[in-house]
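> Start from the sequences, fold in the hints, and give me the full structure.
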Amino acid sequence: MSQSYRFLPFRFERVADRVLLVNDVGDFHFLPESSFDALIGRKISPESSEYLDLKSKNMIWDSHLSNVIDLLATKYRTKKQFLYDFTSLHMFVLTRRCNQRCAYCHASSVCVEDKDVLDMDVATARKCVELVFMSPAKSIKIEFQGGEPLLNFNVLKSVVEYSLELNEKYKKNLEFVVCTNLIALDEDKLEYIKSNKIYISTSLDGPEYIHDEFRKNRSGEGSYKNVTANLALAQSSLGHDNISALMTVTDLSIDHLDEVIDEYIARGLGSIFLRMLNPLGYASAEWNRLGYSVDDFVDAYAKALDKIIQINRSGVYFPEMFTTLLLSRILTPFSTGFVDLQSPAGVGIGGVIYDTNGDVYVSDEARMLAHSKGDKSFCVGNAHSHSWREIFGSERLREIISSSCIEALPGCAWCVFQSYCGADPVRNYAVYGDMVGKRPENDFCRKHKAIFRVIFEYLAKDDEDIEDIFWSWIIGKPLAENSANATQM
Amino acid sequence: MVSTSFDAKVYSLEAIKNASYDFTEKATIVIETASAGRIQVNFNVPVSISEATPDSLISEFIRLVTDHQIRVDVGRDYKLVREMIIAQAFEPVDNLDIIVSKIQP
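Those protein sequences? They're chains A and B, same order as listed. Mapping of the first sequence onto my numbering: position 25 corresponds to residue 25, and the numbering continues sequentially without gaps. For my numbering, count along the second sequence from 1 and bump the result up by 489.
Take the hints with a grain of salt, since some may be wrong.
[As the list claims (entries may be wrong)] Straight-line Cα separation of at most 20 Å, PhoX-like style, residue types lysine-lysine; simulated pairs:
{"#": "1", "chain 1": "B", "residue 1": "568", "chain 2": "A", "residue 2": "75"}
{"#": "2", "chain 1": "A", "residue 1": "197", "chain 2": "A", "residue 2": "157"}
{"#": "3", "chain 1": "B", "residue 1": "515", "chain 2": "A", "residue 2": "447"}
{"#": "4", "chain 1": "A", "residue 1": "57", "chain 2": "B", "residue 2": "506"}
{"#": "5", "chain 1": "B", "residue 1": "568", "chain 2": "A", "residue 2": "55"}
{"#": "6", "chain 1": "A", "residue 1": "438", "chain 2": "B", "residue 2": "506"}
In case anyone wonders, no lab produced these hints; they're calculated from the structure.
This is how it looks when you write it as C-alpha cells:
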C-alpha cells in the first residue's frame, strides 16, 4: 500500500457502475468502482492518468500543501461570495390584491376590493426603500410582487423614483423587476416601465387549454388571451430580452411539457423556467387536484430537458433556467445568487421581502406562512419601527441563518451535491415544525438530488455538443455567437 | 423485527448512525451495544414497505454503512486540511508554509 498521497475534502455517491466525487469547492470527477476502491485503499499509482486527474481536480494532494490550501481557500471564498455581498434582492409586496384567482396561488392573494387594507402606502414604501439602501450590497435588485403589483402602480412609481433619488448618493448597481400577470398592463404603464428600464417577469403556464385551467380571472374566465396579447405588446415595446416567463407545472401540464415548450418558443420567449408546484398558499388546499409526486416531476423535467437540448442542438438558443443556475454552480467557480438554494440560506442575507404594512420577512415563504397560518416566526421587524441594524443584525436572523448551514445538517453533511445545494429553514419549519427538517423524507431534498443526478448523467457523457450548449446557457449567449467570438480570438 | 450486528472494531458508531439516518424512510431503527464488541441494529419495518425481504433490507443497510465508514475514514484524513482551507478562506494568514510544514503526505 502506497502512502504517497492524502485526501482532500470530498464527498461521493455511487451512480450506476461509477462513483461521482465532488469536493468542497464544486470540482467533480467520475471514477469506475474499481478505481474508487483503489483510491480509498491508497493504491492508485502516481504514474497513472487517474492519479493526475484526481490531483488536478483537488481530490488528493501529495506535495506543496500550502499552495493547495491557498488555491482551495480562494475557490471556497469565491463560492461563498454571496456572504460578502449581503442582501441584494429586495422584494416589495405592493398589494395583496390580485385580478386573478389562480388555483395554486402561493401568495394567497385576495380580490381587488379592500384597497386601503391590502395595499402598501407611499409612507411605508419610502421607509422600505430607506432600508434597502442601508444594505452594503453593491448591486441591488428591487422586485415588485403581489398580489398583482400593477394594481398599485402609483406606489410602484414612488418606489422607483425614491430609489433613483437615493441612488444618486449611494451609487449602487440598481435594477427593477416587476412580477406581473400582465393583465393590467396598458400603454401608460408600459411607457413608464420602458423609460425606467424595469424588467418584466411574467407567468405563462403553456397553451390556452393548460394556462386557462388554473389561471383564471376573478370572474372565472381564463386569462390566456389577455396575457398573450399584452405579452406581445410588451415584447414589441421593451424588446424580447427584457421579458421572461416562468411556468408552474400542474397535474394537467406535467405530461404535456413539450407543448408548453413549443408555446414559449412560438411566443418569442427566450427561455423557460420549469417550476414544481409548492404546497403553499391555495395550492396546499388544492393539492389533491393539482399536485403530483417528486418522481413524476423529475421524470417530466428530464423529458423536457431532453427536448430543450434537442431544440438547442438545432440552432435555437433556448435555455431552461433552473438547469442553467445549477450548471453555473457545477461548472464555474462563481457564487450564484439563488436565495432558495445556498448555504447558509439566503433568507434575509440574500433576499428579503417587505410586506404591505412594512413587516420584513426573510423570504416569500415566510410571509406566506404568516398570512396562511398567522405564524410570524420569520418576521424580523417592521420598516416603521425597526432600524436596519435591528432587523439585519438581530439574534433571530442569526439563529435562522445558522440553522441553514448544510455543511452541518444531517443528510446534507455527507451529500455528494452539498457544494451546489442549500436548505430552506422556513420550508422545513412549515413542514416539520423545526428549521432543520428531515432529509430522507423531504421533497425539497429529493427533488434537488434527482435533478442533480439528471444533470450529472449528461455531464458524464462527455458529449462536446451538450457541453457547448450548457456553456452557452451559463454565459447567456447562443452557440453561434460563442463560436464567432472564439474564431475572432 | 429484523436485526443485524457489526464489529465495533471495524465499523464506527458514527457510520452506523449516519446510515440509520439515511434509512429512516424504510425502517425505524434502534441501535444498541451487543455482547463482545458488537453493535446491534434492530429494524422495525412499516407494513406498507414490508415487501422487501429481510435479507435485501439488511444488504442495503450494510452497503450504506460501508460507504459511511469510508466517509468517516476519509474525513478523518482530511479533517485538519479542511479546517485550514476554510480558515484561510475567511481569515488568511501569511505563514501558512510554516503552519503546514508538519503535515506529511
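> Does each hint fit the structure? Answer for all of them.
Quick rundown of the hints versus the structure:
| no. | hint | result |
| --- | --- | --- |
| 1 | 568(B) <-> 75(A) | holds, 18 Å |
| 2 | 197(A) <-> 157(A) | holds, 12 Å |
| 3 | 515(B) <-> 447(A) | holds, 18 Å |
| 4 | 57(A) <-> 506(B) | violated, 30 Å |
| 5 | 568(B) <-> 55(A) | holds, 18 Å |
| 6 | 438(A) <-> 506(B) | holds, 14 Å |
Figure legend: structure checked against the earlier numbered hints; the only hint not met is number 4.
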